[in-house]
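Asks: Each chain, letter by letter, is given below.
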Amino acid sequence: MDIDPSTFVHLAAYTGGGIAMGLGAIGAAIGEGYTAAEANAAVSRNPEISGDIFKNMLVGQAVAESASIFALVVAILLLFLDMSAAVYLKGAALFGAGLCMGLGAIGSGVGSGFPGGQACCGISRQPAVASQLTTNMLIGSAVCQTPAIFSMVVALMLMFMDFGKMPLYPTWAALVGAGLSTGLAAIGSGYGGGAAAGASCEGIARQPRSVGNVTTTMLVGQAVAQTPAIFGLLVSFILMFKAFPESQTLSASMALLSAGLCMGFGGIGPGIGNGMAAEGAVRWVARNTAHAGELMRIMLVGQAVSQSTAIYAMVVSLVLIFVL
Amino acid sequence: MGELGQIHQLVIPFLGHTIRLNLEVILMTWIVFVLLIIFGIATSRRKALLPRPMQVLGELFVKQFYDLTEDALDKEMAKKYGPLVCALFMFLVLSNWLGIIPHLEEPTKDLNTPLSLGLMGFVIAHYAGIKSKGFKAYAKEYFEPMFFMMPLNVIGELAKIVSISFRLFGNIMGGSIIILVVSYLTYSVILPPFLNAFFGLFVGTIQAFVFTMLTVVYISVQIK
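Going line by line, the protein sequences match chains Y and X. Residue 115 in our numbering sits at position 115 of the first sequence, and the numbers go up by one each step. Residue 64 in our numbering sits at position 64 of the second sequence, and the numbers go up by one each step.
Everything labelled a hint here was simulated from the structure, so no lab data went into it. Beta carbons: idealized from backbone N, C-alpha and C, even for Gly. Misleading hints may appear alongside valid ones.
[Said to hold, decoys possible] Which residues of chain Y face chain X? A partial, calculated answer using Cβ under 10 angstroms:
(1) A148
(2) L219
(3) A223
(4) M296
(5) M314
[To be verified] Which stretches of chain Y does chain X cover? Using the computed rule of at least three CB atoms under 8 angstroms from a CB of chain X, they are:
(6) 67–80
(7) 134–145
(8) 149–160
(9) 226–240
(10) 297–304
[To be verified] Computed Cβ-Cβ distance ranges for the label pairs, DEER-style:
(11) X:L15 <-> Y:P245: 44 to 50 angstroms
(12) X:L152 <-> Y:Q248: 31 to 37 angstroms
(13) X:I26 <-> Y:P47: 58 to 64 angstroms
Construct the entire structure; sequences and hints are all you get.
Replies: Here it is as structure tokens:
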């Protein structure tokens, strides 16, 4: 490479910042649009309380926006960071940070739109429980943000940790892989958690007395749906903190990059699938509160089975890191 | 921003190995212990049929968590595991709230705390499983649906420890990093108190509850 380190790092930081905000803008906008669409339906169903619905819509959208705000913070930091004492490796880390935050904001943004929309619908159907619905919506969409928070943690660690003494090859691949792993794996988990939270708002409106059971089932379901994102986070941590011996061969770098890709892509499906399982459980707990325990157990077993593919991905990426 | 990821450690050489103690975490954990003991004394001192406010608070709290445990397990089991569930939640919620006080830090921000609590829950769940089903039936579950799935089933069980502890760690750590970065960007004007309320009080309570519920649920999956 004939570019001097400082130019290279600036290139990487600007590209990373662009990717972070560009991809980060996708999810929250879709989620907020869904909330607004449902709010329209809610107002037309029950125009007398349009003020309450409007307020709830704005609150829901404000929470759904937080994934994009995380992306904005990371993008601004990437653009204005002081990069005077830079090495090539820093460039890889900054690029990875941008990828991680951008990809990681997609799922949470889309997902946290669902509880907002369903809460608006629920308020129009059952105005008496409006405050419970808003509380449940806030809890649900706050938990939805967890995958985006994980991405932000990895992105900020990539930006601020000192990788100065590591060999450029193959650490650059490990750092980009660390970003991809958490970023991609967060997509499915964010979306899945949102699906569960949406179903819980709908369920509470239908059966207000089930609120305790529904919220508990939602939280457990969302927590399990986040597991693929946590596997992604684990792989990212290993890639960031393990010291890799210097090696000029391409295969060593590619193994680390593929480890991140493998865990990242492997986490998308299980996250969405687990979210669907949680959505189903929450929906039916609301309609049949007496058998909440049974439903939760079946949900957990089903989620464990659907999660096995994420575990295969994790095993393969750990083999790529430690064996190859 | 340089303090990101730095911790004060006490390194003790011991029989050829070195023991590393994270001093701040230990200190913060002890603060949480002391606060919890004070809460316990305040709620149970001067018990009466006509309860005083503190006693009402304590009773409401304990009742709530006994009911939750009863829903997930059964009456007999709830008697056994109810105290554990209450204690776990109280410790976690106070740990997560501690960070909103300046100069104090959440003990849960250090991976060691959630990891050891997750390990504790894992051991308790499997002990309960072996005790209620017998070792043979317990071990047989690992060879389902097919015998060669055994290694993956074991990894799946171990992954539960990772997921439960990293979920708490990631959320608390993420919250404190976000507060740090935003305080740095805004020179600590206006925004940080709101972020402290959101990440410290709100997310901290939810994550403590999620951790506690997952521990109960893991026990209930094992015994049935």
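Asks: Now, for every hint given, state plainly whether the structure supports it.
Replies: Tested hints:
Interface hint at A148 of chain Y: satisfied, since its Cβ lies 9 angstroms from the closest Cβ of chain X, which is below the 10 angstroms cut-off. With a least beta-carbon distance of about 5 angstroms to chain X, the hint placing L219 of chain Y at the interface is held under the 10 angstroms criterion. Annotation: interface hint on A223 of chain Y holds; nearest CB of chain X at approximately 5 angstroms, less than 10 angstroms. Annotation: interface hint on M296 of chain Y holds; nearest CB of chain X at approximately 7 angstroms, less than 10 angstroms.
Among the interface hints, the one on M314 of chain Y holds; its C-beta lies about 7 angstroms from the nearest C-beta in chain X, closer than the 10 angstroms criterion. Coverage of the segment 67–80 of chain Y by chain X holds [criterion: at least 3 residues with CB-CB distance below 8 angstroms; count 4]. For the segment 134–145 of chain Y, the stated coverage by chain X is satisfied: 4 residues place a CB nearer than 8 angstroms to a CB of that chain, which reaches the threshold of 3. For the segment 149–160 of chain Y, the assignment as covered by chain X holds, since 7 residues bring a beta-carbon within under 8 angstroms of that chain's beta-carbons and 3 suffice.
For the segment 226–240 of chain Y, the stated coverage by chain X is satisfied: 6 residues place a CB nearer than 8 angstroms to a CB of that chain, which reaches the threshold of 3. Given a C-beta distance limit of less than 8 angstroms, the hint that chain X covers the segment 297–304 of chain Y holds, as 4 residues qualify and 3 suffice. The hint said 44 to 50 angstroms for the Cβ distance between L15 of chain X and P245 of chain Y, and at roughly 30 angstroms that hint is violated. Checked against the hint of 31 to 37 angstroms, the pair L152 of chain X and Q248 of chain Y passes, with Cβ atoms roughly 35 angstroms apart.
For the pair I26 of chain X and P47 of chain Y, the supplied restraint of 58 to 64 angstroms holds, since their beta-carbon distance comes to about 59 angstroms.
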